[in-house]
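Counting in our numbering, the sequence shown runs without a single skipped number right up to 259 at its last residue.
Hints are supplied without guarantee of correctness; some may be wrong.
[Said to hold, decoys possible] Restricting the straight-line Cα-Cα distance to at most 20 Å, the calculated cross-link-like pairs of lysine-lysine (PhoX-like) are:
| no. | residue 1 | residue 2 |
| --- | --- | --- |
| 1 | Lys80 | Lys217 |
| 2 | Lys216 | Lys184 |
| 3 | Lys195 | Lys78 |
| 4 | Lys184 | Lys165 |
| 5 | Lys216 | Lys165 |
| 6 | Lys217 | Lys78 |
| 7 | Lys116 | Lys94 |
| 8 | Lys116 | Lys216 |
| 9 | Lys78 | Lys94 |
| 10 | Lys78 | Lys66 |
| 11 | Lys206 | Lys184 |
| 12 | Lys217 | Lys184 |
| 13 | Lys78 | Lys103 |
| 14 | Lys13 | Lys103 |
| 15 | Lys94 | Lys66 |
| 16 | Lys80 | Lys165 |
| 17 | Lys184 | Lys218 |
| 18 | Lys217 | Lys165 |
[As the list claims (entries may be wrong)] Beta-carbon label-pair distances, calculated as ranges:
| no. | residue 1 | residue 2 | range |
| --- | --- | --- | --- |
| 19 | Glu154 | Asp71 | 15 to 21 Å |
| 20 | Ser77 | Pro214 | 38 to 44 Å |
| 21 | Lys94 | Arg31 | 49 to 55 Å |
| 22 | His202 | Asn57 | 32 to 38 Å |
I should point out that these hints are in silico values taken from the structure, not numbers from a laboratory. The C-beta atom is built at its ideal place from N, Cα and C for all residues, glycine as well.
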Amino acid sequence: MENQTLLHKVLKLWFRQKSGDGLEAKLGYRFREPELLAHALVHRSYLMGKDISYTSNNERLEFLGDSVLNMLTTEYLYKAFPNDPEGELSKRKSAIVSGHACAQSSKEWDLGEYVKIGKSEAKMGGRGKESILADAYEAVLGAVYLDGGLDEVRAILNRFHFPRVAEIMSAEDFVNYKSALLEYTQGSSIHVAPEYKIVDESGPEHEKVFTAEVHVNGKVYGRGTGPNKKKAEQEAARTTLEMLKAEEAEREKNAPQPSGEKPVKPKRYFRP
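Generate coordinates for the entire structure from the input sequences, incorporating the hints supplied.
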């Protein structure tokens, strides 16, 4: 406990001397308890090898900030899109609170410059790692909530996060190609759920590249690569969807039609 208290004092001093004022200016919020913001910037790797409580890192604040972000995003979407059904609102919310969206917003504060990480993590490019930036972003929101309340967090999101909604929604990542592919296969004559396999993993730890394949009815279709398994599978699903649609168009083109009748197009439930 003594070491933990000492850490907080050291972080508070470091924060105020070197970076606190600059980050608070970017946030547009002045902390009453600056150690909360300092605590929000401590990644678990910074504490490795130190005789300090595990809870001294920013993960508890991240947990809190994640909940606050989800609640305020739900409120924002409910008011901003009054005609959207629940399903569409849920899709929008998933995109807006995603790790990618949080990491992108964190760059407006240059948050990577302020995060306290271990030396090994820093050597592996940790200051630019999307997961670390997203977690720190949510932890900062949690710190603001504890220090100033919900209205202060809402004000920050209104300045930095919610104005980017149009950009987030228009991004390629917003389309869930895995769901689209599943809908397509279930709505066609295939009636078999696609299977995903990670067939390759290469590159150094901080710059991994994953390759995924999609198998439909035992046949290999699309391949995709990405910095994580999820994005690789999304890309593989996208290329598979294009291939299946091309195959279907070719079949329709070559199918004999009864004299005097127009070809009937099958129903499609999703058009990305």
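Hints versus structure:
1. Distance restraint check for Lys80 and Lys217: the Cα-Cα separation of roughly 18 Å lies within the 20 Å cut-off, and the hinted pair is therefore satisfied.
2. A threshold of 20 Å between alpha carbons decides the hint, and for Lys216 with Lys184 the separation of about 9 Å falls inside it, so the pair holds.
3. Straight-line distance between C-alpha atoms of Lys195 and Lys78 comes to about 28 Å, which puts the hinted pair past the 20 Å bound.
4. At most 20 Å may separate the alpha-carbon atoms for a hinted pair to count; Lys184 and Lys165 meet this at roughly 13 Å.
5. Taking the CA atoms of Lys216 and Lys165, the gap is near 12 Å; set against the 20 Å cutoff, the hint holds.
6. Our distance criterion of 20 Å between C-alpha atoms is met by Lys217 and Lys78, whose separation comes to about 17 Å.
7. The suggested pairing of Lys116 with Lys94 holds, with an alpha-carbon distance near 11 Å, which does not exceed 20 Å.
8. In summary, the hint linking Lys116 to Lys216 is supported, as the alpha carbons are separated by about 16 Å, within the 20 Å threshold.
9. Proximity of Lys78 to Lys94 is assessed by CA-CA distance (about 24 Å); at most 20 Å being required, the pair is judged violated.
10. Only pairs whose Cα atoms come within 20 Å are accepted, and Lys78 paired with Lys66 is accepted, the gap being roughly 16 Å.
11. For the hint pairing Lys206 with Lys184, the CA-to-CA distance comes to about 12 Å; that is within 20 Å, so the pair holds.
12. At most 20 Å may separate the alpha-carbon atoms for a hinted pair to count; Lys217 and Lys184 meet this at roughly 11 Å.
13. Between Lys78 and Lys103 the CA atoms are separated by roughly 33 Å; this puts the pair beyond 20 Å, and the hint is violated.
14. For the suggested pair Lys13 and Lys103, the alpha carbons sit about 18 Å apart, so the restraint of at most 20 Å is met.
15. With a CA separation close to 27 Å, the supplied pair Lys94 and Lys66 exceeds the 20 Å bound.
16. Restraint check for Lys80 and Lys165: satisfied, since their Cα atoms lie roughly 18 Å apart, inside the 20 Å limit.
17. At most 20 Å may separate the alpha-carbon atoms for a hinted pair to count; Lys184 and Lys218 meet this at roughly 13 Å.
18. With a C-alpha separation of about 10 Å, the suggested pair Lys217 and Lys165 falls inside the 20 Å cut-off, and the hint holds.
19. A beta carbon spacing of about 18 Å between Glu154 and Asp71 agrees with the range 15 to 21 Å that was offered as a hint.
20. Distance hint check for Ser77 and Pro214: the Cβ-Cβ separation is about 25 Å, which falls outside the suggested range of 38 to 44 Å.
21. Distance hint check: the CB atoms of Lys94 and Arg31 are about 21 Å apart, inconsistent with the given range 49 to 55 Å.
22. At about 35 Å, the CB distance of His202 to Asn57 agrees with the hint of 32 to 38 Å.
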